[in-house]
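**Q** All chains should be built: construct the whole structure from the sequences, respecting the hints.
Just so you know, the protein sequences line up as chains A and B, in that order.
Counting from 1, one number per residue, gives the positions in the first sequence under our numbering.
Counting from 1, one number per residue, gives the positions in the second sequence under our numbering.
Just so you know, these hints were derived from the structure itself, not from any lab.
As the structure is a computational prediction, the values presented were derived from the model and not from experiment.
Nothing false has been slipped in among the hints.
Heads up, simulated DSSO-like pairs for lysine-lysine below, C-alpha to C-alpha not over 30 angstroms straight-line:
{"#": "1", "chain 1": "A", "residue 1": "Lys14", "chain 2": "B", "residue 2": "Lys126"}
{"#": "2", "chain 1": "B", "residue 1": "Lys141", "chain 2": "A", "residue 2": "Lys2"}
{"#": "3", "chain 1": "B", "residue 1": "Lys139", "chain 2": "A", "residue 2": "Lys301"}
{"#": "4", "chain 1": "B", "residue 1": "Lys122", "chain 2": "A", "residue 2": "Lys301"}
{"#": "5", "chain 1": "B", "residue 1": "Lys141", "chain 2": "A", "residue 2": "Lys301"}
{"#": "6", "chain 1": "B", "residue 1": "Lys141", "chain 2": "A", "residue 2": "Lys15"}
{"#": "7", "chain 1": "B", "residue 1": "Lys141", "chain 2": "A", "residue 2": "Lys14"}
{"#": "8", "chain 1": "B", "residue 1": "Lys126", "chain 2": "A", "residue 2": "Lys301"}
{"#": "9", "chain 1": "A", "residue 1": "Lys2", "chain 2": "B", "residue 2": "Lys122"}
{"#": "10", "chain 1": "A", "residue 1": "Lys2", "chain 2": "B", "residue 2": "Lys126"}
{"#": "11", "chain 1": "A", "residue 1": "Lys14", "chain 2": "B", "residue 2": "Lys122"}
{"#": "12", "chain 1": "B", "residue 1": "Lys122", "chain 2": "A", "residue 2": "Lys15"}
{"#": "13", "chain 1": "A", "residue 1": "Lys15", "chain 2": "B", "residue 2": "Lys139"}
{"#": "14", "chain 1": "A", "residue 1": "Lys198", "chain 2": "A", "residue 2": "Lys59"}
{"#": "15", "chain 1": "B", "residue 1": "Lys139", "chain 2": "A", "residue 2": "Lys14"}
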Amino acid sequence: MKYFRLIWAGLWRKKARTILTMLSIVVAFFLFGMLQGVNQGFNEVVQNLNVNRLYTSAKTNMVDGLPISYLSRLKSVPGVMHVSHWTYFGGYFREAKNAIPAFATDPRELFAIYEEIKINPEYLDAMERTRTGALVSEQLANTYGWKIGDRIPIGTSIWTKKDGSNTWYFDIVGTFDPSGSVNIPPFYINYDYYDEAKAFGHGVVHYYIIGIDDPRNATRVAKAIDTQFENSMNETRTQTESQLAQMQLKQIGDINFIVNSIVGAVLFTLLFLTANTMMQSVRERIPELAVLKTLGFSDGKVLTLVLVEAGALCIVAALIGLAVAAVTFPLLKVILGNLPMPLIVVAMGVGLAILLALLSGLPPAIRAQRLNIVDALAGR
Amino acid sequence: MSPIVSLRNVKKSYVRGKQKVEVLHGVDLEIASGEFLALMGPSGSGKTTLLNLIAGLDQPTSGEVVVAGQRIDRLSRGALAAWRARHIGFIFQFYNLLPVLTAEANVEVPLLLTNLSRAERKQRVKIALELVGLADRAKHKPNELSGGQQQRVAIARAIVSDPTLLVCDEPTGDLDRQNAEEIMALLQALNRSQGKTIVMVTHDPRAASYASRELHLDKGQLADAVAHA
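**A** So this is what it looks like as structure tokens:
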């Protein structure tokens with residue numbers, strides 16, 4: 001601690017240079033925090049997905065859908081406990097910019113499968129009683145100020161009604177708290193009503209969601225389902241929740257590779273920048289370092305002073321960058337849900353900052369350590 | 001009284017490019033405790049080399065260097081650094097203060113190598129600055145001080161850890177006449193009132209006149225000695 005003033009003074013010898021270098025490190029680690037946060041966040045989401053659920057879609061393309069008639073056959077597969085389904089309705093509230101990711105489903109079965117989602121059973125009863133009923137997440141209801149009993153218009157550019165209208169009216173019969181689940185759609189309507197009321201595409205669902213008795217049976221049950229519909233008009237592809245999520249992520253791209261490439265390039269550039277700053281700083285201070293040695297500072301102590309200086313520069317700036325990323329990260333909830341920045345990202349960031357400090361600080365530190373006092377004082 | 005500095009047949013040579021340059025040719029020298037010695041001689045005579053050997057900044061090619069009872073020509077770099085911290089106060093021609101630190105922080109630097117508490121260090125720094133007459137400039141940075149004041153801060157830094165030996169390399173070389181005389185008077189006072197042993201390299205006969213003994217070095221060998229009153 002008694003060397004703090006010496007280190008601090010050395011660090012701020014050229015204020016503008018130090019500030020600019022620090023800013024570069026802050027920005028780089030902010031970027032690192034956000035990108036790795038998203039990457040790790042996706043991984044965590046995938047790892048935490050439920051293993052009791054299977055998803056069955058058309059083998060060729062999810063949009064093609066599967067017949068609703070598969071429902072009873074799926075229920076008869078050994079190991080299957082519940083079967084529900086999702087059919088994308090889409091829609092918007094009042095204006096196209098207020099997109100509502102609505103899905104038609106069998107609510108009772110759906111919430112039996114998604115047992116981690118909290119919903120009052122009375123709302124499920126109400127949903128069964130009300131053909132035009134809708135269940136919405138508390139968050140979505142708060143966003144638009146909807147209350148139970150409200151009748152709301154949902155426009156759609158896909159599903160025209162039999163009467164030619166593109167506006168559907170739904171009665172909100174209940175809300176649910178989706179915080180226990182990841183990325184569950186926030187708006188559900190009754191499939192039966194939707195299927196009857198729409199003008200075309202009847203009897204089709206986009207996904208079957210299947211609750212099984214034991215996660216250890218997942219592979220067997222999935223295979224049994226796909227075998228059952230093999231060589232039919234609508235062959236199926238059954239996946240676990242994490243397989244489905246990974247497949248969807250791959251459609252975006254190899255996120256891990258993209259993130260690592262960007263972060264790697266940024267940190268590699270940063271390494272040269274910081275190393276150059278430290279080299280220049282030490283080069284300018286050779287007479288001062290020689291004076292310290294003259295006064296009795298050992299080679300090791302001088303090496304440590306330069307290394308600590310590099311460490312202070314890198315680690316303080318990296319922590320600021322990571323802190324800004326941690327504060328900003330929740331803004332990505334649209335992508336990741338309410339997920340805080342994973343702690344592993346902060347740990348990785350600190351580790352990288354230490355590595356950066358060592359790699360950029362070591363060459364000038366070794367130069368300072370090997371400094372010959374007589375030559376340095378003579379300006380040789 | 002046993003000498004505080006004793007050099008026996010000290011030789012020093014450097015290799016510059018492909019050439020070996022003999023700087024000191026078997027120097028024998030003894031400096032008594034409490035002495036104020038001025039080393040004079042033309043440029044390239046080996047004065048600074050001799051001073052560096054006495055201060056433990058450099059090692060002789062051969063010969064024996066004993067300072068404060070320690071044979072320093074056999075010490076490792078690390079041990080020599082620790083020895084310098086305990087025994088040597090160095091005063092440079094161009095002051096060599098750390099520009100980013102205040103006067104008091106500069107003076108405190110050698111004390112960072114000791115086990116003194118912060119309060120003790122502060123107390124010692126205060127005394128050293130008072131001794132050189134710069135207590136009122138403690139918070140000033142070197143670029144806010146005149147050349148003479150900077151050299152006083154350097155002297156305070158040299159004496160703050162109460163070293164055995166003060167080593168001065170052209171301490172007035174960068175100062176005008178008046179400041180030079182003030183600095184020399186200060187060194188003389190430190191020698192006379194505090195009993196500090198001082199070895200000083202100088203070109204300036206006026207500065208050398210403050211010393212108690214004057215030695216001339218020529219082509220790497222000690223020549224005549226002059227004793228002052």
